[in-house]
Structures are given as C-alpha cells and as structure tokens.
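Q: Each chain, letter by letter, is given below.
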Amino acid sequence: MLTISTPAILFPATSLILLAYTAKMIQLANLIRSLKKQYLADRDKAVLSQIVSLRRRIYLIRNMQACGILSFITGGVCMMMLFWGFQLLAEYIFGLSLTLLLISLFLSFKEIRISVSALNIELGLISKSRKL
Amino acid sequence: MELTLTTPALLFPAISLLLLAYTNRFLALASLIRTLKTQYVENQSPHLLSQIANIRTRIIQVRNMQTCGILSFLLCVLTMWLMYNNQQMLAKYMFGISLLLLMISLMISLREILISVRALEIELEDIEQYVRDNEARK
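Chains as they are written, first to last, in my numbering: chain A, 1 to 132; chain B, 1001 to 1138.
Worth flagging that the hints you see were computed from the coordinates, not collected in a lab.
Yeah, the Cβ is synthetic: ideal placement off N, Cα and C, and Gly gets one too.
Just so you know, not all the hints are guaranteed correct.
Said to hold, decoys possible - Listed next, the in silico EDC-like pairs over lysine to aspartate or glutamate satisfying Cα-Cα at most 16 Å (straight line):
{"no.": "1", "chain 1": "A", "residue 1": "Lys36", "chain 2": "B", "residue 2": "Glu1125"}
{"no.": "2", "chain 1": "A", "residue 1": "Lys45", "chain 2": "B", "residue 2": "Asp1133"}
{"no.": "3", "chain 1": "B", "residue 1": "Lys1092", "chain 2": "B", "residue 2": "Glu1002"}
{"no.": "4", "chain 1": "A", "residue 1": "Lys37", "chain 2": "B", "residue 2": "Asp1126"}
Stated by the list, open to error - Cβ-to-Cβ under 10 Å is the rule here; a few derived chain B residues that face chain A:
{"no.": "5", "residue": "Asn1054"}
{"no.": "6", "residue": "Met1080"}
{"no.": "7", "residue": "Ile1113"}
Claimed, not checked - Just a sample of chain A residues kept apart from chain B, beta carbon distances all over 12 Å, derived:
{"no.": "8", "residue": "Arg43"}
{"no.": "9", "residue": "Ser71"}
{"no.": "10", "residue": "Ser117"}
{"no.": "11", "residue": "Leu123"}
Isolated chain B, as found in the complex (with noise of 0.2 Å):
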C-alpha cells in the first residue's frame, strides 16, 4: 500500500482529540484523588483507602496511554518529515511503529475503562449495607 505525505496527517485530529479525552480523565482524577486524600484524613474509613488504591492505578495508566498517545504523534510527524525528504522505506516503517502505539494506548485506556466503574461500586457499597438494612427491618 502506498504512503502517501497526508496519509499520517488523517492520524492527527484523531490523537489530538484522544490526548485531549486522557487529559480529561486526568484531570478530574487528581482532584478526585486529592479530595478522597482530605476526607481520609478525617475519618480513616477502609473504603476511601480502596477507591484511592484504583483512582492511583489508573492515574498511572493514563500517564501511560498519554506517553504512548504523544509518541505515536510524534512519530507521524517525523514520517511526514521523512517522506518529505523521499526517504520512503524508513518513512513506511515509523508510521508503522506510530500505529501500533496508538494501538498500545487504545488498549491501555479500553483496560482503564474496564476498571473505571469499580471506585464508584466501593464508595456506594455501604449505602447498599443501609438500604439491605432498611429492607430487612421492614
């Protein structure tokens, strides 16, 4: 298949727009975290301490799907610089390597995702303790 001096630009509104979704996530689990950080210090409940547990690994996987994310972007960059210079073979090779980064940190944020749901399930675990309660003293 023939690379043509667009075809890794067609990458670049879709990694931009990804790194801008990790950025997102990012964001909103530090604040998280930090709020989760203060009210642990209050009441050393069991349950903050899990749900900061997974909102930690999770912070790492995103750091990590960023990384690989702005790699492979800069790797489209270097092969549109490449083909520019008509070195074509070696161009081929690093879009190829952009690729499969971005594949890299599509499957580390589809494992994120997987794991996103579990620190709301721990923080609602004890409401659930309470309505099980209501219903059992009806």
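Excised from the complex, chain A in its bound form (with noise of 0.2 Å):
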C-alpha cells in the first residue's frame, strides 16, 4: 500500500546523489577546458585521448542526471496523484519514478567503470617515459 510519504522517502536520497552527479559534471568539465589548453600548448595525442574518454563521461552524466531529475519529478507526481486519491495511476507512476532511478544508477555504474581510463592514459604516458 503506496502512502503519501512513501515517494517522499526517495527525495532526499535523490537529490544527494543529484549533487553528486553536479560536483562530477563540474569537476569534469574543468578537467576538459585546462586538457584542452595543455593539447593546444604541445599537441599530445595522449592528452587527446584523455579529452576523448572525459567527454564520454561528461555525455553519460548529463543523462544520469537527466534521469534522476525526471525519476524526482515523477516521485513528485506520485505524491500529487495520492493527494488527489487516484491510487492505481500513483502506483505506476511510483514504478515509473523507481525505474528512471535504476536506469540513472546503472548509467553512473557504467560511468564509475569507464572512469579510469584517462587516468590510466596520464600515467601510460608516465611509464613510456621511463622505459626510454
């Protein structure tokens, strides 16, 4: 049985992992402009790369976010459609709500794995130097 706090539970676990999601996007997008300066400074094909794979990342976080603002929207919903007694819709649109968080989850899975690569890529850079 859905009540009116049961979407409201979400809420608060939403929105921190939409600041989450914020502080990444924003330290990311940071991390892009000064490659971008070093690569026009020494044209470095590594540091390219590295560009390349943070802005995969920067794609996949804008639509993890994009997710969990509509699974928070839809969870807003829910409680109105409760308010308003249409029980049987607020259940959907609760499963609804659940499932865009899932989908917003599983692409921040999918970002957290990918997420060492340009990492990897800088310190590559590191070990060649060494063996020469």
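Both chains are sitting in their own frames, so use the hints and assemble them into the complex.
A: Take a look at the structure:
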C-alpha cells in the first residue's frame, strides 16, 4: 500500500545523488577545459584521447542527471496523484520513478567503470617515458 | 489522503539538498563566465562569445530554479504552521502549491541540464577541427 510519504522517502536520496552528479560534472568540465589548453600548447595525442574519454563521461553524467531529475519529478507527480486519490495511477507512476532512478544508477555504474581510463592514459605516459 | 504535520517535513531534506546542488552549479557557472570573459577580452574569439551566451541563459535558469525551490520550501513551512493552527483545508492547498513549485523547479533544472553540454561542445569544436585537419594531411 502506497502512502503519501512513500515517494517522499526517495527524495533525499535522489537529491543527494544529484548533488554528487553535479560535483562530478563540474570537475570533469574544468578538467576538459584545462586539458584542451594543454593540448593546444603541445599537441599531445595522449591528451586528446583523455579528452575523448572525459567527453564520453560528461555525456553519461548528463544522462544520469536527466534520469535522476525525471525520477524526482515523477515522484512528485506520484505524491500529487495520491493527494487527489488516484491510487492506481500513483502506483504506476511510482514504478516509473523507481525505474528512472535505476536507469540513472546503472548509467552511473557505467561511468564509474570507465572513469579510470583517462588516468590510465595519463599514467601510461609516465611509464613510457621511464622505459625510454 | 490525510495530511499530517510531518508530511511537509518530508520534503525539507530533499529541497535543501537540491538547493545546495543548485548553488554549486551557480557558483561554478559564475566563475566560468568570468574567466571566459577575460579570455574574450584578450582574443575576441566568437567561440567564447557563444559559450558565454549559453552560460548566461543557464545562470538565469539556475536563478529561477533557486527561486522556485526556496518558495516551495517556504510554503512547506507555511503548511506546517497552518496545520499547527488547525487550518486543515488551507494547509492542503498550500502543500499542493509547494509541491507544484518543486516540480517547476525540477523541470527548469531538466532543461538546464539538457543544454549544459553545449558550452563544452563549443569549447571542443576547434580541437575537432585540428584533429580532422591532421587526419586529412595523413
């Protein structure tokens, strides 16, 4: 049985996760900007492939954020439906909200999996220069 | 559905965290727009100008998101106050408006997120040009 407080339980979690996504996004955007400057200065292929990897992650984070926000919105809509007494509709919308949150988290999982690759490229550079 | 004194309070942590996220965005965008402006004064690149335009729209959107969020918070507290004074009917309406404002705030946020990658795309445009030129030379 869905009560008016059930979707609201997800709200703090969703907004915290959105906060984490935002922090990630801001950092990656700054990093891309500084890497771009570095690339223009010394035309290094490795920097370019780092930028490509970071760019993919930025798109992933954008989608994570979009799904998170949509989950939040559907949660709110679900609350309103409960408020007006549309019990069945509210249950479907809550399911949708949960699904969107799951999609967002899955994208986050993917993003984390590729998050080390830019660093690997950066460090690959060091190990190469050591061998030389 | 029965409204209790604690129902609006459920929204408090969510709204305040959301406002924290908005503030972070706002600060990052404001400092970015300042650095882009100094860069633009130095080299007058049209790329920078279109980035600045994008960030400016987003700053205004973030301001509106914050306004709606704060108003939603305010109405939540007002709802609690009304219930404390046994104005059940009025409290219900207030809570409804509060939720609606939160939804509006989130929708603006969604729009902001969807255009957020645009500035970076513009930033990377010239790099893509270089890469294509390099490949053409080979």
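Q: For each hint, tell me whether it holds in the structure or not.
A: Verification of the hints:
no., hint, result
1, Lys36/A to Glu1125/B, "holds (11 Å)"
2, Lys45/A to Asp1133/B, "holds (14 Å)"
3, Lys1092/B to Glu1002/B, "holds (9 Å)"
4, Lys37/A to Asp1126/B, "holds (11 Å)"
5, Asn1054, "violated (12 Å)"
6, Met1080, "violated (14 Å)"
7, Ile1113, "holds (5 Å)"
8, Arg43, "violated (8 Å)"
9, Ser71, "violated (10 Å)"
10, Ser117, "holds (18 Å)"
11, Leu123, "holds (22 Å)"
The structure fails hints 5, 6, 8, 9 (numbered hints given earlier, in ascending order).
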